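Between the sequences and the hints, there should be enough to build the whole structure, so can you do that?
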Amino acid sequence: MSIARSALHYESTLAVRDAPVLAAMSILSAQYPRYGYRRIQIFLERQGHPMSADRAWRLWRLAGLQVPRKRPRRRVSV
83 MSIARSALHY ESTLAVRDAP VLAAMSILSA QYPRYGYRRI QIFLERQGHP MSADRAWRLW
143 RLAGLQVPRK RPRRRVSV
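Heads up: the sequence shown begins at 83 in this note's numbering, then just goes up one per residue.
Treat each hint with caution, since some may be false.
Stated by the list, open to error - Restraint ranges, calculated between C-beta atoms of paired labels, are given here: (1) A105 with P150: 14 to 22 Å; (2) R155 with Y114: 15 to 23 Å; (3) R121 with R157: 26 to 34 Å; (4) V98 with V158: 49 to 57 Å; (5) E93 with R128: 29 to 37 Å.
Unchecked claim - Calculated cross-link-like contacts (lysine to any residue; reagent style SDA-like; alpha-carbon spacing at most 25 Å): (6) K152 with R120; (7) K152 with W142; (8) K152 with W139.
None of these hints come from the bench; they were simulated from the model. All values derive from a computational prediction rather than experimental measurement. Beta carbons are placed, not taken as given, at the ideal position from N, Cα and C, and that holds for glycine.
Below you can see the structure in the form of structure tokens.
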């Protein structure tokens, strides 16, 4: 099985294209810590970064972002 010689020198442009989106996603996530990737995707689309939900999820995981878990309320007995 052989591959084309041009494929050996291929460099992905995703890192360059995704860098400003990742930065904006991190800023929005810090500003709105309870929002997940779907809500952040809507904010990014309004800022001029159109993307699919799959791409938003991929970038969310790439940035290592997570929504913090809700802590259970302590019940106080009366």
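Quick rundown of the hints versus the structure:
1. Remark: the range hint 14 to 22 Å for A105 to P150 is upheld by a beta-carbon distance near 21 Å.
2. Taking 15 to 23 Å as the suggested C-beta distance range, the pair R155 and Y114 conforms, at roughly 22 Å.
3. In this structure, R121 and R157 meet the distance hint of 26 to 34 Å, their C-beta atoms being roughly 30 Å apart.
4. A hinted range of 49 to 57 Å holds for the C-beta pair V98 and V158, which are about 54 Å apart.
5. For the pair E93 and R128, the supplied restraint of 29 to 37 Å holds, since their beta-carbon distance comes to about 31 Å.
6. With a C-alpha separation of about 18 Å, the suggested pair K152 and R120 falls inside the 25 Å cut-off, and the hint holds.
7. A distance of roughly 19 Å separates the Cα atoms of K152 and W142; the hinted pair therefore holds under the 25 Å criterion.
8. At roughly 21 Å between alpha-carbon atoms, K152 and W139 fall within 25 Å of each other, so this suggested pair holds.
Going through the hint list in order, the structure satisfies each hint without exception.
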